[in-house]
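Trainee: Chains as they are written, first to last, in this note's numbering: chain F, 1 to 332; chain A, 1001 to 1332; chain P, 2001 to 2200; chain C, 3001 to 3200.
Careful: at least some of the hints might be erroneous.
Claimed, not checked - Which residues of chain F face chain A? A partial, calculated answer using Cβ under 10 angstroms:
no.	residue
1	L129
2	L189
3	C192
4	A233
5	M301
Claimed, not checked - Okay, the calculated bits of chain A under chain C, using three or more residues with CB under 8 angstroms as the criterion:
no.	stretch
6	1079–1093
7	1107–1119
8	1194–1206
Because the hints were derived from the structure by calculation, they are not lab data. Quick caveat: nothing in here was measured; it's all calculated off a predicted structure. For glycine and all other residues, C-beta sits at the position ideal for the given N, C-alpha and C.
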Amino acid sequence: MKKLINVPESVLAESLDGFAAAHSDLVTLGEERKFVRRARLTPGKVALVSGGGSGHEPLHAGFVGHGMLDAACPGQVFTSPTPDQMMAAAEAVDGGAGILFIVKNYEGDVMNFDMAREMETGRTTEAVLVDDDVAVEVSTFSNGRRGVAGTVVVEKIVGAAAERGDDLAACRALGERVNKATRSMGVALTSCTVPAAGKPTFQLADDEIEIGVGIHGEPGRRRAKHSNADTLAQDMVTAILDDLAGSGSAPGSALLLVNGFGGTPLMELYVMYHAARAQMEARGVTVVRSLVGNYVTSLDMAGCSLTVTALDTEMAALWDATVHTPALRWGI
Amino acid sequence: MKKLINVPESVLAESLDGFAAAHSDLVTLGEERKFVRRARLTPGKVALVSGGGSGHEPLHAGFVGHGMLDAACPGQVFTSPTPDQMMAAAEAVDGGAGILFIVKNYEGDVMNFDMAREMETGRTTEAVLVDDDVAVEVSTFSNGRRGVAGTVVVEKIVGAAAERGDDLAACRALGERVNKATRSMGVALTSCTVPAAGKPTFQLADDEIEIGVGIHGEPGRRRAKHSNADTLAQDMVTAILDDLAGSGSAPGSALLLVNGFGGTPLMELYVMYHAARAQMEARGVTVVRSLVGNYVTSLDMAGCSLTVTALDTEMAALWDATVHTPALRWGI
Amino acid sequence: MPVDETKRRALLDAIVETISAHAEELTEIDAAQGDGDHGLNMKRGFTAVMSKREAIVAKPLPEAMQEVGRTLVMTVGGASGVIFGTAFMAAGKALPEDPTRADAAAAMDAAVAAVRARGKADFGHKTMLDVLGPVAKALRDPAADIAAAALAAAEATAGMQAIRGRASFLAERSVGGMDAGARSAALIIVAICSAMGDRA
Amino acid sequence: MPVDETKRRALLDAIVETISAHAEELTEIDAAQGDGDHGLNMKRGFTAVMSKREAIVAKPLPEAMQEVGRTLVMTVGGASGVIFGTAFMAAGKALPEDPTRADAAAAMDAAVAAVRARGKADFGHKTMLDVLGPVAKALRDPAADIAAAALAAAEATAGMQAIRGRASFLAERSVGGMDAGARSAALIIVAICSAMGDRA
Ligand SMILES: Nc1ncnc2c1ncn2[C@@H]1O[C@H](COP(=O)(O)OP(=O)(O)O)[C@@H](O)[C@H]1O
Ligand SMILES: Nc1ncnc2c1ncn2[C@@H]1O[C@H](COP(=O)(O)OP(=O)(O)O)[C@@H](O)[C@H]1O
Ligand SMILES: [Mg+2]
Ligand SMILES: [Mg+2]
Ligand SMILES: [Mg+2]
Ligand SMILES: [Mg+2]
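Chain F with its partners taken away, still in its complex shape:
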């Protein structure tokens, strides 16, 4: 394992210190690095707090700022943060209008946020669960779907709603609406390597890919021979649009997010965008908003995910609203 780090034990701390220093105009690092919060808070608005394992940068801390999150709790690499982090963050950003936790659907994240919410006393909290990954079949037994790159869309749109003054119940309802309208699917060309593990999480042959991979390198739907961008885009768009249609959210107009996992060059992401957009248009879906880049990564994994959100007028307007964070910025 070759990485630009000192020792695995200090990666998170040094990375957070660097992040906070590079973006000191926007964010402040909490005590004991329990959370990253906005440098300037807005009293009276619903506070959005997210968090999750590290290694998905810029998610979540990169989305702290005006029009998006109020705070983010960084866990260890690929490990959910702990309840005390969430409680400390909630305390730091509580503006009196309640706290909305945005939680990706992993047992660890869910259980830790649940504990935090139970231990919170005197603060009103709600939670939105993001579970946009169509790679996982839902059954009555399973944990349900994983939360992946669609999280960015939920955080952006709900962040804009909180900024304009929506109350806690409205923010939560909107978050659930966006989540329902959002589906993602990923593909890995290589594994990621967790610094503390020191070796790749999984192995793929030189001509093999993992279709439906999770953002921690979890296995997906199947291993397959690597084909090409068009075939992959077709598989992924089909899975996503079929699923949206199956749940009554077939989009007319959509946001298309092509998300790199960290080890894939931008050039390839645009090739995938090109292929995916053509597939969507062939199915009668108009792409009206686009985002292409590394937003929800898996350390150094090569590959990408596609996320589609069926946009209604309100969601589109909230997507367009001003945002000013380290990793997403427009209108300001």
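Given chain F, put chains A, P and C with the ligands in place with the hints provided.
Mentor: Showing chains A, P and C with the ligands alone in chain F's frame:
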């Protein structure tokens, strides 16, 4: 080689088509994909045209837009564009105040831009050469230094000057001033793989790094055993600051750009930022502006470069000026 | 021999020792079907516990165990921090200062109930519950070898299809490998048994 | 035998054939000390040339050569597009329609001069100039085997330290491998010689 592409021959075209579609609010693709230009031009201002080999995305096309470039000419992967591309771009964006070509110092780029300028008739053109890579020793015999990530700084600052109405001579002089105040150095942990070549450009052992690597995977100062982020940052900052001091540009206040080469996660870039900033402060340099991310990449190469620009007040103000491009955006 | 401070220290040290001796193995088990961090997670938690070792062992057994649980919850993160933390907290709450084998069985029941509630998991879902359950049962059978029962229960998870835990994303592919949390739960039980010696 | 259309076609085909047969080798030579694309670049250029093959060979030799040069400049990019394009353009400009060996020598001088000006390179800088120079000289020696001179000149670049071209970034490390552009220049010369047959 596993890549998210169809065939190597079509990567550039599909990637450009995807890019233009994803950012159609900002850019337009020229005929035969010879260039990418701003969707809306401003008559009467100096037009900035850059370009170079592809594979360094978002450079250059990602920096086309208000406050930065007017057009960019994408060459084949790691190969400079051709004179007809530059001439077509110049024609498309000429606003009557002249064309400033921003050229990275590679023989191929220089010769092609030279030819284009010679073949241009009736258009006033000037050129700024960017040669910020301290890894290459300058001697009377050599081609001089390579242009690397400092190009972003030159393009941003000169772009802001052109936008406020500076004339061609002033833009050129400013470009040269910024270039003189800017130094970079890179390190590679892995090679990149050019799609058409199908295999890594060079080989590094599991514990080896290339110090002073170029953005095409060219060899640098030396191969070394991989150490850690702090040691690397110290080496690189020392080389950069010594060089700036040697040429009379020792900075008091500086911009620090930590640039990922495409295969390195953001988390590691922030670790490097943290380490580099500490080194700079130890040498009495205050970091007053920061940029951390993938800006001048080498396809999927793992590693990063550090760029330092000694900022004066004017340069800092121009850096802060509004910019609205696919890859760099603020103030708007 | 009551569970005095020396005994509590021996108990804690035995648990920490087995976790750190098996950390790599636990991580590998987790890598096969989960996300390859279980050993690291448990080690991080117990390193934090060890940083307050003396304060913990100074407390009576129930409070000491709850403090271990709280520390795991607040330092591990992920599923195991909450799950193992909850188990220690619930068991500690249910235990008297000097527990009999019957008390231990009741405490194990409490841990099982708390973990089931927290993790929305049941027996057979291929989690550490599939060790706690059999251990609770063995504690009620005076002839049973608790350590052996724990180890066997962990091995038995290999045949299960995961319904909870990250391995559940694998569906049928999750059959074949042991559950990492089950293995670490078994290791902890074995350590407790051997530290308790005659009392086990 | 004058350089008629059939001959011009044979000349062009021979050049294109040798470039495409050696493309991988050229890329590998360039990979060792440059950026590993010289074969790809030359192939791209001559593929573009071949797409207008008939229009090109329909022209008299001087115009045909200049058109090949312009096409290389406008489609290859990089250093080689300009350098090889400039060489073809300058040589074509200097040639009569039916050149003698002396005419060929003069044309080669013109190519050398144009490339030197464009590339700010000189002999011994480890570039394709180190083939063009010796070839110009060989053309003036009626006894010289031009093809052999070209190939030997390319081999001789292995001993040079690069002052121009991407290999120059390697400084001393550039000694040892042949220059890619020198090798392709030699291959082109050899192809021309064999296509010209008795005239060479
Ligand atoms: N819902 C659950 N109920 C009970 N135990 C669980 C549950 N989810 C996970 N576990 C246990 O936790 C173990 C995983 O721990 P660990 O790898 O440290 O956390 P993570 O899954 O967050 O990476 C699993 O092997 C399983 O025994
Ligand atoms: N300044 C120069 N003068 C003459 N020939 C040059 C010069 N620079 C490069 N060359 C020739 O071009 C060759 C490189 O071509 P190629 O690899 O296709 O382009 P690039 O260097 O842009 O990748 C070199 O091997 C050398 O022979
Ligand atoms: Mg985990
Ligand atoms: Mg090249
Ligand atoms: Mg795990
Ligand atoms: Mg080359």
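Trainee: Next, verify each hint and record whether it holds.
Mentor: Taking the hints in turn, this is what the structure says about them:
{"no.": "1", "hint": "L129", "result": "25 angstroms, violated"}
{"no.": "2", "hint": "L189", "result": "4 angstroms, holds"}
{"no.": "3", "hint": "C192", "result": "8 angstroms, holds"}
{"no.": "4", "hint": "A233", "result": "9 angstroms, holds"}
{"no.": "5", "hint": "M301", "result": "9 angstroms, holds"}
{"no.": "6", "hint": "1079–1093", "result": "holds (count 6)"}
{"no.": "7", "hint": "1107–1119", "result": "holds (count 6)"}
{"no.": "8", "hint": "1194–1206", "result": "holds (count 5)"}
The earlier numbered hint that this structure contradicts is number 1, and it is the only one.
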